[in-house]
Amino acid sequence: MSRRLAQIICAIFGVVMFLLFFSPHPAARTIALTITTEYWQVIYAFALIVGAVSFLRVNVKNIQRGQDSGYRIISLIGLVAMPTVAIIWGIGANTPFMWIFENIQVPLQSTVFALLAFFVASASFRGFRARSLPAAILLISAVVILLSRSWVEGQFASGLIATADWIRSYPSMAARRAILIGIGLGSLTTSLRVIVGIERTWLGGGR
Amino acid sequence: MDISTLIAGLLTIAILTFLYRDNPIYKFAEYLLVGVSIGYALVIAWTSTMMDLLFEPLAGGKFSLIVPLTLGLMIFARMVPRFSPLSRIPLAVLIGSGAGAAIPAMLGPRILTQMSDTVGNVVGTGAGPSFSGIVVLIGLLATLSYFYFSRPHQGALGLSAKIGTYFLMVFFGATFGYTVMSRMSVFIGRAEFLLSDLLGFMK
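Chains as they are written, first to last, in this note's numbering: chain S, 10 to 216; chain P, 1472 to 1674.
This is chain P alone, in the form it adopts within the complex (with noise of 0.2 Å):
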């Protein structure tokens, strides 16, 4: 066994003994994830774009990336406090320009769609609306109407909410199923480590 295997070994069952309590080996591996995590985002993000993106083309002569270079060490003033009010110019930019771009964004693949896709499956095809089409119709409606919160949800509003909550049980549960299986198949995958590459258990 070499020493990378071993240390991975380690560092798997030093979090998996959370499963007993929290304890000193658990919080000295979570510490060391939170350090090195942080490390490694800092050196992509000056790789890919720092070098790559602002760096290296500025060198080349593209000299409009002075403006996101001056914005981005705006940021730097929020860790002056007598010029931190200065770091709100580039989240200026950055926020205004954020919710700009998302309003047809959002209007498009979030609402309109999505609206299309359901009626779509109603109204849009040759052969006439089919019985699934008809329940995610019905599903969608319900679902909405149980969002509606400008009036109380009695008499067909309450009927079409109280449906709704039933759709989204559906959801939530369907939801859960699927995120069981995909911790599992990585708990899976950590136990296979463990017991083959680490104890040779498992050939």
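Isolated chain S, as found in the complex (with noise of 0.2 Å):
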């Protein structure tokens, strides 16, 4: 019963706001703009907290079997620290919140994106070899793009810019517009699949 109420509700919110985006009416603007602003964020936010809930659960859990206990403390410690400070002191600037944000949050992960760096630069000295004409393409475009950015550009090849510049423009783009295109479809596709109860895995199990 549930299952099929659920996928009732679902074929509705679906057709109707499908209706309503080729409805000119302002009350059909307020109703569209009320389900993805009110409706979706509300319910995003909620999810969160189960979220956040079900992390809290995980851990306490692995810490009282033993594993990792120490670590998965420190990630407690980070995750009710964050709103015990908000509670207390506000989050406004110089709060002990936005402390922890920008000396703690923002160094570690601008560090994990930054480290990202060595694996790529690693894994395309192992990967990037010209054993066949798509490979030496893949590595001709790359190189291209990599020193037109470079020192080499101002010195030695002063056209490198611009022989980027086209290939991102052109070649490039058409690829990207045929995997927009096919995103699109198979975007589309699926939500037709979603509304008319097809595509029914996002149900899980159980009743």
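It is worth saying that the hints were derived from the structure and are not from the lab. Glycine residues also receive a C-beta, built at the ideal position from the N, C-alpha and C atoms. Don't take each hint at face value.
Claimed, not checked - With the Cβ distance kept under 7 Å, some of the chain S side facing chain P (calculated, not the full set):
#1 Thr120
#2 Ile154
#3 Gly191
Using the hints, build the complex out of the two chains.
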């Protein structure tokens, strides 16, 4: 019953949202805006709380079992500390909340992001071998793009920026557009399958 | 040097120790990042969504918000196995309305605009088709034929698909180049912070 009801609600909301897009009536615009800005955001926010509670439960369970207890306690301290300092001192400028964000979260996040530069470079060093024509094209394209924004461009090859821009704007754009069209067609058919009830994996298991 | 710079610098170094291998210092920083990030997301969701969009307008008399509030509360049923089927209702609203909104959204910018921009560069210009416009048109058709799997890639379709792979390689190469550059620029930023702010080697 629950699955059938959920499917019916899904189909109704799907058809309504689809039809609202084509209606120029202000009331239709308001309803569409209400669903996208209020319903979606509020449900997302509640889902985030459920996710955080689930994270808390999994970590507490693993701490009780003695699996990576020390590290998990650090995670939980971080999780509890942010809302706690936000409740006590607020989230404005020069608050402990912003201090943790600026001096702990931002450096950690950007360094993890920067760390990938080494792994990408190392993977390319091992993987970039011009063994076939497609591999050679990949290599040339990447090298031209990389060199166009380096000191080589100014010193030895003055046309590199123009070549790199042409690659990005035309042959690369052609493949990018084909991929976008593919994504669009895929999303379109998946949406239709969800609305008519062929695609039901989102319902999960159980009754 | 103040305590903020010291902590930020030590945490930066803690993450960079992973370049040697996975180690307890890196794991400490990694777990801390996960916890702090979730805590931050929770606080932002609470202030910008729950308070600004829900509770404050509700307290101000906007009772239509009881519907999203009820739907949101139903999500909590997921945590109690006996009532977990109830959580499908808000998911149905979210997925159904998302699917309904996605159809025109995908049809417009993702499909029709891309096709129109491609063909427009070849036939829509008063000066006649440009070489670059023809390259894009051929590249688009060839790449699309590569993703057509309903027939074996033989004969004309095989040739077209092969040309499509060359265009895909150009795209992957260019994307790789830009990705490396963006990651490198972030790394340079971190290195600059360590060398100037933390160690004082650069002024």
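Discussion item. So, against the hints stated earlier in the document, which numbers end up violated here?
Written reply: none
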